[in-house]
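Going down the list, the protein sequences come from chains L and E. Read in order, the letters of the first sequence correspond to residues 26 to 360 in our numbering. Read in order, the letters of the second sequence correspond to residues 26 to 360 in our numbering.
Read the hints as simulated data drawn from the structure, not as lab findings. It cannot be assumed that every hint is accurate.
Identical copies go unnamed one by one, so any copy, or any two together, can satisfy a pair.
Below, computed lysine to aspartate or glutamate pairings styled on EDC-like, alpha-carbon distance capped at 20 Å [stated by the list, open to error]: (1) Lys94 - Asp226; (2) Lys316 - Glu129; (3) Lys49 - Glu108; (4) Lys45 - Asp214; (5) Lys231 - Asp249; (6) Lys81 - Asp248; (7) Lys146 - Asp133; (8) Lys146 - Asp270; (9) Lys146 - Glu244; (10) Lys316 - Asp119; (11) Lys41 - Asp103; (12) Lys343 - Glu108; (13) Lys230 - Glu129; (14) Lys228 - Asp241; (15) Lys195 - Asp226; (16) Lys338 - Glu244; (17) Lys230 - Asp241; (18) Lys299 - Glu262; (19) Lys81 - Asp135; (20) Lys263 - Asp241; (21) Lys316 - Asp62.
2 protein chains.
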Amino acid sequence: MNKKQKDCGTVMLNLKQTAKFLKKHDNYIILTHASPDGDTLGSAYALYYGLNEIGKNASVICPDVIPSKYNYFARKTDHVARENATVIAVDVADQRLLGDLQEEFGNDIDLNIDHHISNTKFAKNLYLDANASATAECIFELLMQMKVNINNITAKAIYTGIATDTGCFKYSNVTAKTHSIISMLYEYDLNAPEINRIMFDTKSKKLLELERMVLDSAEYHFDDKCILLTVTAEMQEKTGCSGTDLEGIAVISRSVEGVKAGVTIKQNGADSFKVSVRTYNPLCASDICKKLGGGGHNAAAGASVKGSLAEVKEKILKAVYENMEEAYAGASVNK
Amino acid sequence: MNKKQKDCGTVMLNLKQTAKFLKKHDNYIILTHASPDGDTLGSAYALYYGLNEIGKNASVICPDVIPSKYNYFARKTDHVARENATVIAVDVADQRLLGDLQEEFGNDIDLNIDHHISNTKFAKNLYLDANASATAECIFELLMQMKVNINNITAKAIYTGIATDTGCFKYSNVTAKTHSIISMLYEYDLNAPEINRIMFDTKSKKLLELERMVLDSAEYHFDDKCILLTVTAEMQEKTGCSGTDLEGIAVISRSVEGVKAGVTIKQNGADSFKVSVRTYNPLCASDICKKLGGGGHNAAAGASVKGSLAEVKEKILKAVYENMEEAYAGASVNK
Numbered sequence: 026m027n028k029k030q031k032d033c034g035t036v037m038l039n040l041k042q043t044a045k046f047l048k049k050h051d052n053y054i055i056l057t058h059a060s061p062d063g064d065t066l067g068s069a070y071a072l073y074y075g076l077n078e079i080g081k082n083a084s085v086i087c088p089d090v091i092p093s094k095y096n097y098f099a100r101k102t103d104h105v106a107r108e109n110a111t112v113i114a115v116d117v118a119d120q121r122l123l124g125d126l127q128e129e130f131g132n133d134i135d136l137n138i139d140h141h142i143s144n145t146k147f148a149k150n151l152y153l154d155a156n157a158s159a160t161a162e163c164i165f166e167l168l169m170q171m172k173v174n175i176n177n178i179t180a181k182a183i184y185t186g187i188a189t190d191t192g193c194f195k196y197s198n199v200t201a202k203t204h205s206i207i208s209m210l211y212e213y214d215l216n217a218p219e220i221n222r223i224m225f226d227t228k229s230k231k232l233l234e235l236e237r238m239v240l241d242s243a244e245y246h247f248d249d250k251c252i253l254l255t256v257t258a259e260m261q262e263k264t265g266c267s268g269t270d271l272e273g274i275a276v277i278s279r280s281v282e283g284v285k286a287g288v289t290i291k292q293n294g295a296d297s298f299k300v301s302v303r304t305y306n307p308l309c310a311s312d313i314c315k316k317l318g319g320g321g322h323n324a325a326a327g328a329s330v331k332g333s334l335a336e337v338k339e340k341i342l343k344a345v346y347e348n349m350e351e352a353y354a355g356a357s358v359n360k
Numbered sequence: 026m027n028k029k030q031k032d033c034g035t036v037m038l039n040l041k042q043t044a045k046f047l048k049k050h051d052n053y054i055i056l057t058h059a060s061p062d063g064d065t066l067g068s069a070y071a072l073y074y075g076l077n078e079i080g081k082n083a084s085v086i087c088p089d090v091i092p093s094k095y096n097y098f099a100r101k102t103d104h105v106a107r108e109n110a111t112v113i114a115v116d117v118a119d120q121r122l123l124g125d126l127q128e129e130f131g132n133d134i135d136l137n138i139d140h141h142i143s144n145t146k147f148a149k150n151l152y153l154d155a156n157a158s159a160t161a162e163c164i165f166e167l168l169m170q171m172k173v174n175i176n177n178i179t180a181k182a183i184y185t186g187i188a189t190d191t192g193c194f195k196y197s198n199v200t201a202k203t204h205s206i207i208s209m210l211y212e213y214d215l216n217a218p219e220i221n222r223i224m225f226d227t228k229s230k231k232l233l234e235l236e237r238m239v240l241d242s243a244e245y246h247f248d249d250k251c252i253l254l255t256v257t258a259e260m261q262e263k264t265g266c267s268g269t270d271l272e273g274i275a276v277i278s279r280s281v282e283g284v285k286a287g288v289t290i291k292q293n294g295a296d297s298f299k300v301s302v303r304t305y306n307p308l309c310a311s312d313i314c315k316k317l318g319g320g321g322h323n324a325a326a327g328a329s330v331k332g333s334l335a336e337v338k339e340k341i342l343k344a345v346y347e348n349m350e351e352a353y354a355g356a357s358v359n360k
């Protein structure tokens with residue numbers, strides 16, 4: 026935890042108390058996290074439209090430029106003066122995620138609305154529902170609790186938050202309540218197929234070009250149980266892809282039938298690579314990455330590895346091989 | 026319509042009447058369509074398990090081999106003798122879709138349960154809900170109407186049918202009711218994330234290899250508004266991909282940002298190609314394919330084109346160009 030962060034004194038609010046808090050004040054600044062995604066933006070704007078509906082002034086501030094693909098709900102909001110404003114953060118698990126806004130607002134968040142179990146409790150008040158699939162699910166419930174009228178655009182923002190944080194309802198964070206909320210949102214003029222097309226079925230030409238190069242780089246090892254995909258600095262330069270563009274590559278590595286360890290190697294310096302590992306039982310991504318000086322979850326982990334690409338590959342293959350030996354030792358699993 | 030098919034005399038049943046029909050008889054043969062997908066199989070097995078629950082004998086018969094990925098709900102069923110059986114078809118819009126079972130059963134279906142508006146009414150009785158996202162949605166409602174106990178495996182089968190026919194809730198056939206039903210299914214031991222992984226996030230090594238080759242073939246035209254993807258006979262031979270393996274390729278062609286016409290060219294003979302066109306407004310796939318001697322819907326159409334690959338590409342580009350000229354003529358659309 027960052028030294029600047031408070032680790033005590035956060036008041037935990039329940040749904041009713043949070044709704045009451047939101048009704049009490051009149052001028053709000055709503056903050057999203059940096060590198061904004063569909064959930065932080067959907068949550069911020071849904072809350073913004075909801076507060077507008079009951080006559081509150083509100084302003085959404087994002088530490089980074091909002092990608093234009095969110096333009097169907099993200100608009101320029103009013104200016105709310107800092108002095109009299111109540112500051113709300115949405116979907117921000119740690120104040121460091123506020124990016125460029127951390128210095129100004131980090132220790133001065135009046136209310137944080139979040140769904141991450143890992144929330145570091147840096148705000149004065151926190152509404153945390155770790156069972157919610159997305160923060161947008163929390164916002165929907167708050168607006169319901171406040172009996173705020175939901176508009177079509179509010180519905181689009183909430184839908185976007187939930188759909189993007191669940192991989193369009195594919196992941197393990199989805200619950201009966203998630204689908205029940207979405208069912209209610211379908212009563213609005215949602216145009217969900219168009220939202221889904223923009224969010225899930227649109228790829229930039231440069232990303233397609235990068236995927237082509239990455240597939241060209243595919244190497245299979247250990248009887249096709251391990252795949253290595255490589256994103257060199259040259260590929261990034263040639264295609265102009267970087268940062269979030271590269272997030273989808275690790276997904277490819279775990280989608281190949283029969284593969285138990287999908288490894289993506291991204292170059293981020295002359296002799297420096299970021300390694301992402303995705304595994305299926307009985308292999309363990311966390312164990313593999315620990316051997317490489319990194320760590321993470323059982324099914325998804327990472328490490329930073331130094332050396333030439335050939336050296337890095339050798340280190341990775343050794344770590345994967347060791348984990349396979351451990352995992353399959355004496356087990357009845359089909360090697 | 027096939028000459029053998031009846032085009033009259035089909036009795037249209039409502040939900041209540043269909044439930045009554047299913048309770049009345051004791052021995053059922055349930056037929057799926059050929060080239061079985063998640064909906065026809067999910068519907069057949071959900072109905073099978075439901076009928077079992079209320080003491081009926083039932084057998085599921087599929088005209089083709091059931092892919093092993095459906096093994097989590099598709100099992101060997103009992104044998105039901107043809108003589109005394111009531112024959113039900115599920116998700117079968119036309120008797121020709123029964124494949125090898127058409128000759129034996131085509132004119133002898135007692136009840137058809139379907140959601141295709143294009144249903145040719147070939148069965149003696151038909152329960153058709155064209156607003157249902159999937160036939161599995163109809164089966165769920167029928168089991169509810171019959172007050173049949175739903176088991177975990179029944180829930181998995183219904184979930185699979187709905188999820189696969191809606192592209193995991195992405196498409197325009199999804200309604201509020203769809204999500205409401207899924208919400209109810211989440212009360213069972215569904216393990217939806219694992220189902221979704223098998224259905225949506227698993228690719229064979231050979232398909233990944235084909236995708237690599239197809240991306241290598243990508244050609245952009247008309248200021249990147251048109252993409253041509255080619256699947257040659259050689260690519261199919263080298264990778265071992267054919268038939269349903271190739272279905273996903275057209276999806277790539279329509280997912281590239283800025284592309285208004287995505288064209289996939291599949292070789293199916295020495296000088297013979299199957300062309301699939303996907304368009305966005307203001308272009309029209311149907312108009313483009315008509316120029317090539319084919320047809321289809323506004324956003325998705327196809328044609329068979331003869332000639333060398335170079336000749337076929339030239340014909341396609343001419344058709345796309347003409348459609349662009351028509352579409353953008355005098356319009357305020359940004360070219």
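Status of each hint after checking the structure:
1. In this assembly of identical chains, the alpha carbons of Lys94 and Asp226 lie at most 20 Å apart only when taken from the same copy (12 Å versus 24 Å across copies).
2. For the homomeric pair Lys316 and Glu129, neither the shortest alpha-carbon distance inside one copy (39 Å) nor that between copies (61 Å) is at most 20 Å.
3. Within a single copy, Lys49 and Glu108 get their C-alpha atoms as close as 17 Å, which meets the 20 Å cut-off; across copies the closest is 73 Å, which misses it.
4. In this assembly of identical chains, the alpha carbons of Lys45 and Asp214 never lie at most 20 Å apart, being 29 Å within a copy and 37 Å across copies at closest.
5. Taking the closest pair of Cα atoms, Lys231 and Asp249 come within 20 Å of each other only across two copies (12 Å); inside a single copy the shortest separation is 28 Å, beyond that limit.
6. With identical chains, the CA atoms of Lys81 and Asp248 are never at most 20 Å apart, being 62 Å at best within one copy and 46 Å at best between copies.
7. Taking the shortest Cα distances, Lys146 and Asp133 sit within 20 Å of each other inside one copy (12 Å), while across copies they are farther apart (67 Å).
8. Taking CA atoms no more than 20 Å apart as the test, Lys146 paired with Asp270 passes in neither setting, with 30 Å inside one copy and 49 Å between copies.
9. For a Cα distance limit of 20 Å, the shortest separation of Lys146 from Glu244 qualifies neither inside one copy, at 43 Å, nor across copies, at 51 Å.
10. Taking the closest pair of Cα atoms, Lys316 and Asp119 never come within 20 Å of each other, the shortest separation being 28 Å inside a single copy and 58 Å across copies.
11. With identical chains, the CA atoms of Lys41 and Asp103 are never at most 20 Å apart, being 27 Å at best within one copy and 54 Å at best between copies.
12. Proximity of Lys343 to Glu108 under the C-alpha cut-off of 20 Å is found in neither arrangement, the shortest distances being 57 Å within a copy and 63 Å between copies.
13. For the homomeric pair Lys230 and Glu129, neither the shortest alpha-carbon distance inside one copy (38 Å) nor that between copies (50 Å) is at most 20 Å.
14. Taking the shortest alpha-carbon separations for Lys228 and Asp241, both the intra-copy value of 18 Å and the inter-copy value of 16 Å come in at or below 20 Å.
15. In this homomeric assembly, Lys195 and Asp226 come within 20 Å of each other (Cα to Cα) both inside a single copy, at 15 Å, and across copies, at 10 Å.
16. In this assembly of identical chains, the alpha carbons of Lys338 and Glu244 lie at most 20 Å apart only when taken from the same copy (10 Å versus 33 Å across copies).
17. Proximity of Lys230 and Asp241 under a CA criterion of 20 Å is satisfied in both settings, with 17 Å inside one chain copy and 13 Å between copies.
18. For the identical chains of this complex, Lys299 and Glu262 are intra-copy neighbours only, at 16 Å inside a copy versus 36 Å across copies, given an alpha-carbon limit of 20 Å.
19. Taking the shortest Cα distances, Lys81 and Asp135 sit within 20 Å of each other inside one copy (16 Å), while across copies they are farther apart (62 Å).
20. Taking identical chains as interchangeable, the C-alpha atoms of Lys263 and Asp241 lie at most 20 Å apart whether they share a chain (15 Å) or sit on different chains (15 Å).
21. In the homo-oligomer, the alpha carbons of Lys316 and Asp62 never lie at most 20 Å apart, since the shortest distance is 32 Å inside one protomer and 43 Å across protomers.
Checked against the numbered hints above, the structure violates hints 2, 4, 6, 8, 9, 10, 11, 12, 13, 21; every other hint is satisfied.
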